[in-house]
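Protein chains in written order, with the numbering used here: chain H, 1 to 271; chain L, 1001 to 1311.
Honestly, the hints are just simulated from the structure, not real lab data.
Glycine included, every Cβ here is placed at the ideal spot set by N, Cα and C.
Please note that a few of the clues may not be correct.
Said to hold, decoys possible - Selected chain H positions facing chain L (Cβ under 7 Å, derived; list incomplete):
no.: 1; residue: P8
no.: 2; residue: S16
no.: 3; residue: Q86
no.: 4; residue: Q90
no.: 5; residue: T92
As the list claims (entries may be wrong) - In silico DSS-like pairs for lysine-lysine, Cα to Cα no more than 30 Å straight-line:
no.: 6; chain 1: H; residue 1: K25; chain 2: L; residue 2: K1020
no.: 7; chain 1: L; residue 1: K1174; chain 2: H; residue 2: K25
no.: 8; chain 1: L; residue 1: K1020; chain 2: L; residue 2: K1154
no.: 9; chain 1: H; residue 1: K25; chain 2: L; residue 2: K1154
no.: 10; chain 1: L; residue 1: K1020; chain 2: L; residue 2: K1092
no.: 11; chain 1: H; residue 1: K25; chain 2: L; residue 2: K1092
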Amino acid sequence: MGTFIENPVFQKELRSHLLSRRQSKAVRIAASAVAAILVGMMYYFSVRAIVRGQMEGRDLFQVVAWCQLVLIIFLAPSLTANAITQEREQQTWNALLLTRLSGDEIVIGKLLARLAPAVILLLLFVPLSLLAAVAGNLPASALYLSYLLLIATTVFYGAIGLFSSWVYRRTSVATSAASGVIAFFVVGTYLLLGLWGAASGFMNIRIEGFAPMWLNPFMAMSVALGDLGYGSPTPSHVPLAANLIVCLVGTLVLVTAMIRRLARGPKELEQ
Amino acid sequence: MPMVEITNLRKEYKNLVAVKGLSLTLEPGDIFGFIGPNGAGKTTTIKMLATLLDPTSGVARVDGIDVTEHPEEVRARIGYMPDAFGVYDDFKVWEYLDFFASAYRIPRPDRPALIDDVLELTTLTEKKESYVEELSRGMKQRLCLAKTLVHDPKVLLLDEPASGLDPRARIEIKELLKELKAMGKTIIISSHILPELADFCTSVGIIERGELIVAGPIDAVMREVTGGRVLEIRVPPSDRPKAAEILAGVEHVRGVKEAGDMLRVDYTGTLDDQSEVLLALIYGSVRVQSFAEQETDLEDIFLRVTKGLVA
Chain H
1 MGTFIENPVF
11 QKELRSHLLS
21 RRQSKAVRIA
31 ASAVAAILVG
41 MMYYFSVRAI
51 VRGQMEGRDL
61 FQVVAWCQLV
71 LIIFLAPSLT
81 ANAITQEREQ
91 QTWNALLLTR
101 LSGDEIVIGK
111 LLARLAPAVI
121 LLLLFVPLSL
131 LAAVAGNLPA
141 SALYLSYLLL
151 IATTVFYGAI
161 GLFSSWVYRR
171 TSVATSAASG
181 VIAFFVVGTY
191 LLLGLWGAAS
201 GFMNIRIEGF
211 APMWLNPFMA
221 MSVALGDLGY
231 GSPTPSHVPL
241 AANLIVCLVG
251 TLVLVTAMIR
261 RLARGPKELE
271 Q
Chain L
1001 MPMVEITNLR
1011 KEYKNLVAVK
1021 GLSLTLEPGD
1031 IFGFIGPNGA
1041 GKTTTIKMLA
1051 TLLDPTSGVA
1061 RVDGIDVTEH
1071 PEEVRARIGY
1081 MPDAFGVYDD
1091 FKVWEYLDFF
1101 ASAYRIPRPD
1111 RPALIDDVLE
1121 LTTLTEKKES
1131 YVEELSRGMK
1141 QRLCLAKTLV
1151 HDPKVLLLDE
1161 PASGLDPRAR
1171 IEIKELLKEL
1181 KAMGKTIIIS
1191 SHILPELADF
1201 CTSVGIIERG
1211 ELIVAGPIDA
1221 VMREVTGGRV
1231 LEIRVPPSDR
1241 PKAAEILAGV
1251 EHVRGVKEAG
1261 DMLRVDYTGT
1271 LDDQSEVLLA
1281 LIYGSVRVQS
1291 FAEQETDLED
1301 IFLRVTKGLV
1311 A
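Okay, chain H solo, but in the shape it has when bound (with noise of 0.2 Å):
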C-alpha cells in the first residue's frame, strides 16, 4: 500500500486533477462550502423525509442507487478520457515513458487517480444509503450487490476511458469513442432487445435470457435492486452476475493491454 501510494503518477495525477492548485484557495474554499450544502441539504431533506413518512427507506435507497449509477456511467469515462491525450498534446508523454516508471506504475497510477473523484461520489452517498437501508430494514445483499455494481462500473467504464485515451492521440475522439461504447451498453443493447423482440414478434420474451442485455449496467442494478421487490424483480441473479464478470474481465483485458504494450517503452504504438 505504502508503495501504492507512492507511485509518482498516482500522486502526479491527484494533485494535477483532484488538488488542482490552478483555482486559487478562494474559489477552492467556495466550490467545497457549494458542495457541503448541497450534501447537508440532500442529507437533511432525505431524512425528514423518512421521519415524516413521506418517503420509504426502500425507496429512498433506491433512488440514491439510480442516481449513482446514473453519475457513474457520464463520470467515469470522461474522467479518465483524457488521462493520456492530454499528456500527448502537451508532449509530456514521451518524457513520461523514458523514465524508469512501469507501464503498471503508469496505467493504474492515472486509472485509480482519475477515478478518485467518482469513489468520493460514492462514499459521500454511502451514509445516505446506509441510513435508507436501516429505515427500510433491507437485506444486506442489497447494499453490497448495489455497492459492487457500481464500483465494478466505476472501475470498467474509468477503464474503457483510459483505454480510450491510450488509442487515440486526440482528447475529443478519445471522449466520443469511449462514450460510443458505453452508450451501446446502455441504451444500445435496449435498441438489440427491441430488434429481438420484433423479430420474435414480442413473445415469451425474457429479458434476463437476452446476453446482450448482461452487458447493460441499468438491467444489472435492477436485478441488484429485485430483491427488494422493486422495478423488474428477475427470477434470477444471472444478468448481474454476468455485468460483474464483464466489469471484471473486461477492466482485467483493458489494463493488461496497455501495460503490455507500454512495456515497449515509447514505442507502444509503433507497428
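Model the placement of chain L on the given structure of chain H, informed by the hints.
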C-alpha cells in the same frame, strides 16, 4: 569503449528513407554537433538513439548497449531533450523535478540535494518555488534540461535546445552546455545556430537527405570541405589586375576572385608556404594594404556542403 556507436543506421517510413546508413562513433566526453537542414534526418537519428524509434536496420549502441535490444538500460544512461517539449504547468519548479527524480527511482532522501544541484546548474535556484507556468520560454528550456539531468545520464541527446530562444536565453543555454562539457558528459546536440556549436563542440557532422555527408573534428571537417585556406588580400583598385595575374602564377593558388574591395585567394599550401604569396606580391610591386587568412566558420562549411535539399 565508445560512448555512442552507430553503424549503418537506417530508418525507413512508407515512402521515405529518413536516415541512410549513418555511422558515427563518439568517445566519452565528446560533444558532437549535428548539423543539417530541416528534414535532413537529425531528429530521427536522435530519436533512434533515445529509444523513441526503432531503426529499420543497422545498430546503435550507447555505452555499449544496443538501443533496440535493451532500451530500458539505454534510457537509464541517456537524457533526451526534444525540440518540442511540454511541462506540467501546475507544478512548482521543485515539484516538477521531484516528480521526474522519483520516476527515475532516485531515493526520496537524496532528492532535495539533487534538485538543488540541478537548479543551481541551470541557474533556476531563485525560481525553485515558482509555478512552471510562470517561467519564461528560456527558463522552461533550462528546466527541461534540468529534468534530463536528474538521473545523471552519461549521454545527453539535445535536439535543437536553443530553438525559439532570444539571444540572451541562447547565451545562457550555451553557457550551460559548456558546464555540462566540463562535467564530462557526452553530448549530441543538433542546432541551426552553427557559430555557437563551433564554440564548444569537439566534432561535428553534417547530414542532408538522411546521409552523413561529412563528420569529424571541426578543424578536420573544415579542411576536408574547403580543401585549404581562403586568403583575403586588400590592394588598391589600380593594382588588382596585376595582383591577380601574379597570384595566378603562385604555387598552391587554386583560384583568385574579387569580392568587394578584396581579392579572395583559394590556397591549398601550408601555413609556412603562405608567406610566399605575400612575397610574390611585394616583389611584383603590388601595394598590399592588408593580408589575412579568412576565418572559415561552420556556416560556410554548412553552405558549401549542403545543397538545401531535404529528404
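Against the structure, the hints come out as follows:
1. P8: This interface hint holds because 4 Å falls under the 7 Å limit.
2. S16: holds, 6 Å
3. Q86: Violated, about 10 Å.
4. Q90: Holds. Min distance 4 Å.
5. T92: Interface hint status for H/T92: holds (4 Å vs cutoff 7 Å).
6. H/K25 / L/K1020: The given pair, whose Cα atoms are some 56 Å apart, is violated under the 30 Å limit.
7. L/K1174 / H/K25: Roughly 40 Å between the alpha carbons, so the hint for L/K1174 and H/K25 is violated.
8. L/K1020 / L/K1154: Distance ~26 Å between L/K1020 and L/K1154 Cα, so the pair holds.
9. H/K25 / L/K1154: violated, 43 Å
10. L/K1020 / L/K1092: violated, 43 Å
11. H/K25 / L/K1092: Given pair H/K25, L/K1092 holds - Cα atoms ~16 Å apart, limit 30 Å.
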